[in-house]
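Asks: From first to last, the protein sequence lines are chains A and B. In this text, residue positions in the first sequence follow the UniProt record's numbering: the first is 1, and each later residue adds one. In this text, residue positions in the second sequence follow the UniProt record's numbering: the first is 1, and each later residue adds one.
If you're looking for bench data, these hints aren't it; they were derived computationally from the structure. In this text, all values refer to a predicted model and were calculated from it rather than measured experimentally. Be careful, since some hints might not be right.
Which copy is meant is left open, because identical chains are indistinguishable; a pair holds if it fits in one copy or across any two.
As the list claims (entries may be wrong) - Capping the alpha-carbon separation at 20 Å, the derived lysine to aspartate or glutamate pairs in EDC-like fashion look like this: (1) Lys188 <-> Asp318; (2) Lys133 <-> Glu495; (3) Lys264 <-> Glu39; (4) Lys105 <-> Glu503; (5) Lys105 <-> Glu123; (6) Lys227 <-> Asp247; (7) Lys188 <-> Glu238; (8) Lys189 <-> Glu492; (9) Lys264 <-> Glu492; (10) Lys106 <-> Glu130; (11) Lys106 <-> Asp462; (12) Lys459 <-> Glu39.
There are 2 protein chains.
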Amino acid sequence: MNGAQSLIRTLVDAGVEVCFSNPGTSEMHFVAALDSVPEMRGVLGLFEGAVTGAADGYARMAGRPAATLLHLGPGLGNGLANLHNARRAHTPIVNIVGDHATYHKKYDAPLESDIDAIASSLEGWVRRSEHTKDVGADAAAAVAAAQDAPGRIATLILPADASWGEGGETCTPIPPRAPQSVDATTVKKIAEVLRSGESVALLIGGAACREPGLLATSRIAAVTGVKAFAETFPARLERGAGLPSIDRLGYLAEQVAYQLDGVKHVIVAGTKPPVSFFAYPSKPSDLVPEGAQVHVLAEVGQDATGALNDVAALVAPDTAPVLQEASRPALPSGPLTAQNWADVIGALLPERAIIADEANTSGLLIPAATAGAPRHDVLTLTGGAIGYGIPVATGAAVAAPDRPVVNLQSDGSALYTISALWTQARENLNVTTVILNNHAYAILRIELQRVGAAPDGPKANDLLDLSRPDMDFAKIAEGLGVPATRATTADELAEQFARALAEPGPHLIDAAVPSLI
Amino acid sequence: MNGAQSLIRTLVDAGVEVCFSNPGTSEMHFVAALDSVPEMRGVLGLFEGAVTGAADGYARMAGRPAATLLHLGPGLGNGLANLHNARRAHTPIVNIVGDHATYHKKYDAPLESDIDAIASSLEGWVRRSEHTKDVGADAAAAVAAAQDAPGRIATLILPADASWGEGGETCTPIPPRAPQSVDATTVKKIAEVLRSGESVALLIGGAACREPGLLATSRIAAVTGVKAFAETFPARLERGAGLPSIDRLGYLAEQVAYQLDGVKHVIVAGTKPPVSFFAYPSKPSDLVPEGAQVHVLAEVGQDATGALNDVAALVAPDTAPVLQEASRPALPSGPLTAQNWADVIGALLPERAIIADEANTSGLLIPAATAGAPRHDVLTLTGGAIGYGIPVATGAAVAAPDRPVVNLQSDGSALYTISALWTQARENLNVTTVILNNHAYAILRIELQRVGAAPDGPKANDLLDLSRPDMDFAKIAEGLGVPATRATTADELAEQFARALAEPGPHLIDAAVPSLI
Chain A
1 MNGAQSLIRT
11 LVDAGVEVCF
21 SNPGTSEMHF
31 VAALDSVPEM
41 RGVLGLFEGA
51 VTGAADGYAR
61 MAGRPAATLL
71 HLGPGLGNGL
81 ANLHNARRAH
91 TPIVNIVGDH
101 ATYHKKYDAP
111 LESDIDAIAS
121 SLEGWVRRSE
131 HTKDVGADAA
141 AAVAAAQDAP
151 GRIATLILPA
161 DASWGEGGET
171 CTPIPPRAPQ
181 SVDATTVKKI
191 AEVLRSGESV
201 ALLIGGAACR
211 EPGLLATSRI
221 AAVTGVKAFA
231 ETFPARLERG
241 AGLPSIDRLG
251 YLAEQVAYQL
261 DGVKHVIVAG
271 TKPPVSFFAY
281 PSKPSDLVPE
291 GAQVHVLAEV
301 GQDATGALND
311 VAALVAPDTA
321 PVLQEASRPA
331 LPSGPLTAQN
341 WADVIGALLP
351 ERAIIADEAN
361 TSGLLIPAAT
371 AGAPRHDVLT
381 LTGGAIGYGI
391 PVATGAAVAA
401 PDRPVVNLQS
411 DGSALYTISA
421 LWTQARENLN
431 VTTVILNNHA
441 YAILRIELQR
451 VGAAPDGPKA
461 NDLLDLSRPD
471 MDFAKIAEGL
481 GVPATRATTA
491 DELAEQFARA
501 LAEPGPHLID
511 AAVPSLI
Chain B
1 MNGAQSLIRT
11 LVDAGVEVCF
21 SNPGTSEMHF
31 VAALDSVPEM
41 RGVLGLFEGA
51 VTGAADGYAR
61 MAGRPAATLL
71 HLGPGLGNGL
81 ANLHNARRAH
91 TPIVNIVGDH
101 ATYHKKYDAP
111 LESDIDAIAS
121 SLEGWVRRSE
131 HTKDVGADAA
141 AAVAAAQDAP
151 GRIATLILPA
161 DASWGEGGET
171 CTPIPPRAPQ
181 SVDATTVKKI
191 AEVLRSGESV
201 ALLIGGAACR
211 EPGLLATSRI
221 AAVTGVKAFA
231 ETFPARLERG
241 AGLPSIDRLG
251 YLAEQVAYQL
261 DGVKHVIVAG
271 TKPPVSFFAY
281 PSKPSDLVPE
291 GAQVHVLAEV
301 GQDATGALND
311 VAALVAPDTA
321 PVLQEASRPA
331 LPSGPLTAQN
341 WADVIGALLP
351 ERAIIADEAN
361 TSGLLIPAAT
371 AGAPRHDVLT
381 LTGGAIGYGI
391 PVATGAAVAA
401 PDRPVVNLQS
411 DGSALYTISA
421 LWTQARENLN
431 VTTVILNNHA
441 YAILRIELQR
451 VGAAPDGPKA
461 NDLLDLSRPD
471 MDFAKIAEGL
481 GVPATRATTA
491 DELAEQFARA
501 LAEPGPHLID
511 AAVPSLI
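Please construct the entire structure, taking both the sequences and the accompanying hints into account.
Replies: Structure below.
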């Protein structure tokens, strides 16, 4: 057994059964070894950002890590932006980064680079597996490290000779560290804050954004009147009819100020106190209202859901959660607007959908339009590195082949990782991509105003404009093997969206949704 | 004057007049400041790999750096692969990487990441400009550092508050370090090696691959019989009728063994002794023939061209260089083959063309087919990080608007940075892209055999196959605003190539060139 075979066998034994791959020469023995371990599925991406984003989407839905296969430093570099998003989502991922053979590194061949420095920027787990006999053990350690609560990026650097050498040994799985429980004293203290009679906000994040956490949060809110919010960008938020509807904290500081107006206490569970996404001249970075006190129920990595249940048992033992009733917008008609496209999605969102949401400015009205839709999951842009939507939708569809995936995708963010559409076609994944094509970096038009960087002259505006030339996403998609249509009215969008959902395999709709500004 | 204005003014004063940009919120003051410095041209890319590759192509042709504008760590990460290639090309580039405001960093907002670690992997010059009044001086230092011989990546990290703060001061340009001259003793020693009567190879690289270096090399070879080669992947190689024709060292170790067979001395000038691109089991990494001695005429960063001229003055004072005669292949006919597509390019390559060569396996016969074509420049994949061709062609066309740019582009490498086609359309650049569409990572099929990673099973082969689904590059190009055609015969390719060159603006030809293996 060579090193690559011991690696893949160990990964599979530890529950890692998909490897999103963009290999090169130094990974050829890994590629060859795939055929010796039938349980491992190799999924090809044509760009590493598609690969790492897919691994993120996969683990958010599967609840266990995928592996990635990347080619040296440049491959890891290309994958870095979506690994950044995955880091912020606390998604477990096991990167296998091929490197030159150990004895070859001293020659400083063209592809030699400082992989360790690049990997270190992810602030996760990094190890270089230099000896064939250790590769299995290092792989088991990587899978455990990736899954240690709350989840992180584990990067195993695999020199070619460690991969091709004989004498590989598989390693039994290492159990990852479970989330730490919150002690009873903290739970009691939080219960006291909730009973203080003062205005309190409760901000939940991480795994608490799934059903059990939402139910506990709703019970607490029902009895105490606390203002409950999900963090601005949850990795996975469960929503829809039959679940408590917990609003997300806004992206703009102005929204958050409105949401937290008058609050004297901010309780956080599984997330951090709110901060501004960016700094703005003369505006605060810390979004906790002045004079309000922060209380930590559960740190990131602690069992926030258990803690919320413990608090609910104290303050709301006999209170039922408030569940969202089923309700959908009426199907609209007429030319597409920033409002009516969201209503189309709300009206037609299928049962058990997974929404990969990178609609950005165009998606402002989506939460309201889909609140009463059938139960669904929303995956969001946790790290702010755009180009996440198409790959994450791809990975989510690999993880949940029986569920429809809907990717709401702004045009400005689509080109970073557009090639993931090809992987959707290759794997025949049930992903419907709706491109919100407003021909602009609309978010930046807003931000140019917000940072006070006036006057905005012609050159500045030109750098935020995507209309010269207009992109034809239907053609791009078809070129990548994904059937595509174009919608300019709500009626067309509805008809095309329904049809795309009804047919197996990927589809793309280029929707001419005008910009909000 | 704010920091951003002082930065752009200082860049322009130092000769940096193009900024390839993919900005975000933290760069909005830089974007706004573009309108206050008319000499700076902002060129928008839709993905950072397109931006950094364009900066590489620009500087290779312009001989001076462009700036890039990148959005925090993920933006730099996305740009890293083509910065790696630029580093290997010794291309001067000035990265401006926006960061959060200094006081905002402690909040660990979603886009916070370790930019310094990522930048450090480029082994160039990195500085964080924390105070508005220093931004101008830091920019001047960055431009000088980028241009210090032999050229490198300079990365200036610009916190948003340093950018928007008032009190910016422009700084006068700092002269960069010129290449160091080679001393007379070394020149004499090399002349003795050349006169030894033993078999000698002379390997030139860097700036020595341009006309003056080639002329000196040819004179030396003409009188001494030395086997002269250009390095395998030169940043910019001048070729064609009227110039000495100096073969490049091969990519495969087997080719190099053939080229250097029997050689007892290897002289290097402006490059390093040859090493294998990758390691292969039981094959040497060091490609200097066993027992041969290495002699350094000029280290990388020294004045190799001057040194070659000094050697020529000693050993070949009255010898003229041997110049390539004009000669072109006949225009071929019939279905496209690995041979005849190269003949089409050789037959029709226009005067003063710039070839951005990422043809990989499909391009094996291009050097022979174009050797006697009109004088042209060839830009090559210096660092081995694929996805370089389309962006480098884009940047070269910005630098040399009066010259035709021809991008020979393999399909497997095209998807990494495909969005650079949009920038070509936006800027109406004279780039003709020929996609060599063989529906495979053909190089990896070769490498899978070469590394001895047999047996190659169905899963392994599937990861090297791009035919499921086939990509339609003509549709993709049209979707990005570039007119495109499809060629399946040499006649069609010739007709479409000639037409694309005759019309202004970008064009793409999807050429169905079968794989060599």
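Asks: If a hint holds in the structure, say so; if it doesn't, say that too.
Replies: Hints versus structure:
Taking the shortest Cα distances, lysine 188 and aspartate 318 sit within 20 Å of each other inside one copy (17 Å), while across copies they are farther apart (96 Å). Taking the closest pair of Cα atoms, lysine 133 and glutamate 495 never come within 20 Å of each other, the shortest separation being 57 Å inside a single copy and 58 Å across copies. Proximity of lysine 264 and glutamate 39 under a CA criterion of 20 Å is satisfied in neither setting, with 54 Å inside one chain copy and 52 Å between copies. Taking CA atoms no more than 20 Å apart as the test, lysine 105 paired with glutamate 503 passes in neither setting, with 50 Å inside one copy and 47 Å between copies.
Taking the closest pair of Cα atoms, lysine 105 and glutamate 123 come within 20 Å of each other only across two copies (16 Å); inside a single copy the shortest separation is 24 Å, beyond that limit. Taking the shortest Cα distances, lysine 227 and aspartate 247 sit within 20 Å of each other inside one copy (10 Å), while across copies they are farther apart (73 Å). Taking the shortest alpha-carbon separations for lysine 188 and glutamate 238, neither the intra-copy value of 27 Å nor the inter-copy value of 77 Å comes in at or below 20 Å. For the identical chains of this complex, lysine 189 and glutamate 492 are neighbours neither inside a copy (54 Å) nor across copies (78 Å), given an alpha-carbon limit of 20 Å.
Taking the shortest alpha-carbon separations for lysine 264 and glutamate 492, neither the intra-copy value of 48 Å nor the inter-copy value of 74 Å comes in at or below 20 Å. In this assembly of identical chains, the alpha carbons of lysine 106 and glutamate 130 lie at most 20 Å apart only when taken from the same copy (15 Å versus 36 Å across copies). Taking the shortest Cα distances, lysine 106 and aspartate 462 never come within 20 Å of each other, neither inside one copy (46 Å) nor across copies (33 Å). Proximity of lysine 459 to glutamate 39 under the C-alpha cut-off of 20 Å is restricted to the inter-copy arrangement: shortest distance 11 Å between copies versus 54 Å within a copy.
In this structure, the hints that do not hold are numbers 2, 3, 4, 7, 8, 9, 11, in rising order.
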